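Asks: In my numbering, the protein residues as written are 1 to 265.
Hints are computed from structural coordinates only; laboratory data are not their basis. Fair warning: this is a prediction, and the values are worked out from it, not measured in the lab. For every residue, glycine included, the Cβ atom is placed at its ideal position computed from N, Cα and C. Keep in mind that the hints are not guaranteed to be accurate.
Taking lysine to aspartate or glutamate pairs in the DMTMM-like style, the calculated list, with each CA pair at most 25 Å apart, reads [to be verified]:
#1 K67 to E235
#2 K67 to D180
#3 K67 to E199
#4 K230 to D180
#5 K176 to E222
#6 K176 to D251
#7 K176 to E108
#8 K234 to E190
#9 K176 to E96
#10 K234 to D160
#11 K176 to D110
For each label pair, taking beta carbons as the anchor points, the in silico distance ranges come out as [stated by the list, open to error]:
#12 Y69 to F252: 32 to 38 Å
#13 I182 to A142: 36 to 42 Å
#14 F109 to K230: 25 to 31 Å
#15 I182 to A118: 41 to 47 Å
#16 P140 to T206: 53 to 59 Å
#17 T134 to T238: 28 to 34 Å
#18 S143 to T238: 33 to 39 Å
#19 D265 to E199: 45 to 51 Å
#20 A100 to Y69: 40 to 46 Å
#21 T85 to E55: 57 to 63 Å
#22 I182 to D56: 25 to 31 Å
#23 A90 to F178: 24 to 30 Å
#24 S91 to A118: 33 to 39 Å
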Amino acid sequence: MTNKTLLTFLACGLSCSALAETSRALHPREANVDRLNAIKEVASMRAATSALTVEDVGDVDSFGRAKIYLGVEQTRGVTIQADCTGWDPASGPCIETAPAPGVTLVDEFDLGSISLPANATNSILCFTFTQFATWGWFNPTASTATARMALWATVQIENDALLGLNNANGVPFNGKLFVDPIPIIVSTHEHTLPAGAYEVQRERSTRSCTGGIVNTRTLAAEGLTDMQIKDFFKEPMTVTFGTEGSVSLVDFAVFSVGARLYGDD
Numbered sequence: 001m002t003n004k005t006l007l008t009f010l011a012c013g014l015s016c017s018a019l020a021e022t023s024r025a026l027h028p029r030e031a032n033v034d035r036l037n038a039i040k041e042v043a044s045m046r047a048a049t050s051a052l053t054v055e056d057v058g059d060v061d062s063f064g065r066a067k068i069y070l071g072v073e074q075t076r077g078v079t080i081q082a083d084c085t086g087w088d089p090a091s092g093p094c095i096e097t098a099p100a101p102g103v104t105l106v107d108e109f110d111l112g113s114i115s116l117p118a119n120a121t122n123s124i125l126c127f128t129f130t131q132f133a134t135w136g137w138f139n140p141t142a143s144t145a146t147a148r149m150a151l152w153a154t155v156q157i158e159n160d161a162l163l164g165l166n167n168a169n170g171v172p173f174n175g176k177l178f179v180d181p182i183p184i185i186v187s188t189h190e191h192t193l194p195a196g197a198y199e200v201q202r203e204r205s206t207r208s209c210t211g212g213i214v215n216t217r218t219l220a221a222e223g224l225t226d227m228q229i230k231d232f233f234k235e236p237m238t239v240t241f242g243t244e245g246s247v248s249l250v251d252f253a254v255f256s257v258g259a260r261l262y263g264d265d
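Take these sequences, add in the hints, and give me the full structure.
Replies: What follows is the structure, given as structure tokens:
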């Protein structure tokens, strides 16, 4: 076999092989079978899901759907101490403690937020929250006393689908779910301190989603119709975080939260 004949044979073999593979990949009968099988599988999954009830799985709307990541935020810390003179607000709010054994109240909002685009999630807004707390117990009084600390992260959701709507009690949403922000993760402690005692504590704890910040059932309980619930999840929304609570016989405290949000596809 001459070199010319050999090259011709090889070229034909390669092109014929490629043509055969292409023809096989694009064969109408096989393509139709694959398409039909995919349609049947989707239809079967939908039929199985539609047959489920709340009694079966608790949350029918998110059942079988994939989890999607929706963002992460570290809130600005809230600092509680005796003197906030010269404090830089960019570091987060500073609250001066009440004279012992008085109670110092904390009510801070807009410490961080996550803005979600339209159609970010189908039926639920889930979360993982990790709170970071450091504080110092201090009893400057002349007798034994009980020190207390209760701080928690709060959440509020802004969504234009809520404009012009009232909740189940007839109160306007004004575009916000949880007009009074709801607590998500709580750090609460009591400690008996002898006179003059001082002690530093640190805490790290994480809470993950069960029912979510909001889902279709909680929206229904708020008084929304099925169509209004669908509109809610179609609209962009902003999730804003804050910190509330109180402390007593605390020399200082610093509290912040790391938040990650999830949805369903």
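Asks: I'd like to know which numbered hints this structure contradicts. Please list them from smallest to largest.
Replies: 2, 3, 6, 8, 9, 15, 16 and 18
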